[in-house]
Amino acid sequence: GQQLNQSPQSMFIQEGEDVSMNCTSSSIFNTWLWYKQDPGEGPVLLIALYKAGELTSNGRLTAQFGITRKDSFLNISASIPSDVGIYFCAGHSGSARQLTFGSGTQLTVLP
Amino acid sequence: DVKVTQSSRYLVKRTGEKVFLECVQDMDHENMFWYRQDPGLGLRLIYFSYDVKMKEKGDIPEGYSVSREKKERFSLILESASTNQTSMYLCASSLSGGYLRYEQYFGPGTRLTVT
Chain A
6 GQQLNQSPQS MFIQEGEDVS MNCTSSSIFN TWLWYKQDPG EGPVLLIALY KAGELTSNGR
66 LTAQFGITRK DSFLNISASI PSDVGIYFCA GHSGSARQLT FGSGTQLTVL P
Chain B
6 DVKVTQSSRY LVKRTGEKVF LECVQDMDHE NMFWYRQDPG LGLRLIYFSY DVKMKEKGDI
66 PEGYSVSREK KERFSLILES ASTNQTSMYL CASSLSGGYL RYEQYFGPGT RLTVT
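In order, the protein sequences belong to chains A and B.
To convert, count from 1 in the first sequence and add 5; that's this note's numbering.
To convert, count from 1 in the second sequence and add 5; that's this note's numbering.
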């Protein structure tokens with residue numbers, strides 16, 4: 006099946022720093038989604054992207070749909086302790102029946 | 006806000022038991038999904054349903070079955086639980102039309118341990 010490569014696998018950052026993570030695919034995607042999962046909870050949808058080049062913000066979070074349609078990026082500005090969690094990308098290509106999920110980026114924010 | 010609830014947060018069952026995991030959504034979503042989540046393997050789709058009484062196999066349906074008798078409820082059944090089914094189980098739902106069908110909303114998960 007299709008695979009998404011999400012990087013980095015984990016990040017340790019200081020409170021107040023900005024964070025960047027990305028997701029890449031070997032095939033073209035027409036939809037990109039970013040989720041956050043708190044420990045012991047289900048993923049929560051943060052941002053959905055539907056057009057190549059699209060840049061969408063949700064508070065301190067900004068996500069971009071790469072112009073090649075094979076990647077997406079998530080940035081978090083001025084990180085705070087509650088940003089801790091696992092961030093997942095997910096995508097859909099025309100040939101797939103359902104979403105493909107990345108393996109997640111574990112974010113730790115140090116005080 | 007979309008609300009997806011799952012019947013149990015934590016469940017411990019013995020090998021060979023029949024296990025029912027229930028999921029209910031309150032937003033009139035047509036699509037419902039069951040995933041399992043394991044460290045290093047991410048989210049893997051077990052089954053999904055586009056409508057009442059309809060079901061389709063996902064990537065890892067072996068050892069599982071599902072039931073959707075009402076639009077708001079989607080049940081995952083482990084006919085004879087095995088230790089390799091110890092996992093976090095996540096239910097999700099979405100609308101069926103246009104781009105919104107890709108926006109899946111998840112429940113809090115059920116952590117199942119099979120001993």
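FYI, nobody ran anything at the bench for these hints, they're computed from the structure.
A hint or two may mislead.
[Said to hold, decoys possible] Pairs of lysine to aspartate or glutamate, EDC-like flavour, derived with a Cα cap of 16 Å:
no.	chain 1	residue 1	chain 2	residue 2
1	B	8	A	22
2	B	8	B	43
3	B	18	B	84
4	A	56	B	108
5	B	76	B	22
6	B	8	B	108
[Said to hold, decoys possible] Facing chain A, according to a computed beta carbon distance under 8 Å, are these residues of chain B, among others:
no.	residue
7	47
8	48
9	55
10	66
11	69
12	109
13	110
14	111
15	114
Just so you know, even glycine gets a beta-carbon here, dropped at the ideal spot from N, CA and C.
Check your understanding: Minimum Cβ distance from residue 114 (chain B) to chain A below 8 Å?
Key -> 5 Å, holds
**Study point:** Hint validity - residue 47 (chain B) Cβ closer than 8 Å to any chain A Cβ
**Key:** The hint holds - residue 47 (chain B) has a Cβ within 8 Å of chain A, the shortest such distance being about 5 Å.
Practice item. Under 8 Å, Cβ to Cβ, is where residue 55 (chain B) needs to be relative to chain A, so tell me if that hint holds or is violated. Key: 11 Å, violated
Check your understanding: Is the shortest C-beta separation between residue 111 (chain B) and chain A less than 8 Å?
Key -> 4 Å, holds
Practice item. With a cut-off of 16 Å on the C-alpha distance, tell me whether residue 18 (chain B) and residue 84 (chain B) pass. Key: Holds - the C-alpha atoms of residue 84 (chain B) and residue 18 (chain B) are around 12 Å apart, at most 16 Å.
Check your understanding: Does the nearest C-beta of chain A fall within a distance shorter than 8 Å of the C-beta of residue 66 (chain B)?
Key -> 13 Å, violated
Exercise for review: Assess, step by step, whether the Cα of residue 76 (chain B) is no farther than 16 Å from the Cα of residue 22 (chain B), and give holds or violated.
Suggested key: 27 Å, violated
Practice item. Identify whether the interface hint at residue 48 (chain B) stands, where standing means a beta carbon of chain A within less than 8 Å of its own. Key: Holds. Min distance 4 Å.
Check your understanding: Would the pair residue 8 (chain B) and residue 43 (chain B) pass a check requiring their Cα atoms to be no farther apart than 16 Å?
Key -> 23 Å, violated
Exercise for review: Sort out whether residue 22 (chain A) lies within 16 Å of residue 8 (chain B), counting only the CA atoms.
Suggested key: 32 Å, violated
Practice item. For the hint on residue 69 (chain B), just tell me whether its beta-carbon gets within less than 8 Å of chain A. Key: Since chain A brings no Cβ nearer than about 16 Å to residue 69 (chain B), farther than 8 Å, the hint is violated.
Check your understanding: Under the criterion of a CB-CB separation shorter than 8 Å, is residue 109 (chain B) in contact with chain A as hinted?
Key -> Where the cut-off is 8 Å and the nearest Cβ of chain A is about 7 Å from residue 109 (chain B), the hint holds.
Consistency note: the structure conflicts with the earlier hints numbered 1, 2, 5, 9, 10, 11.
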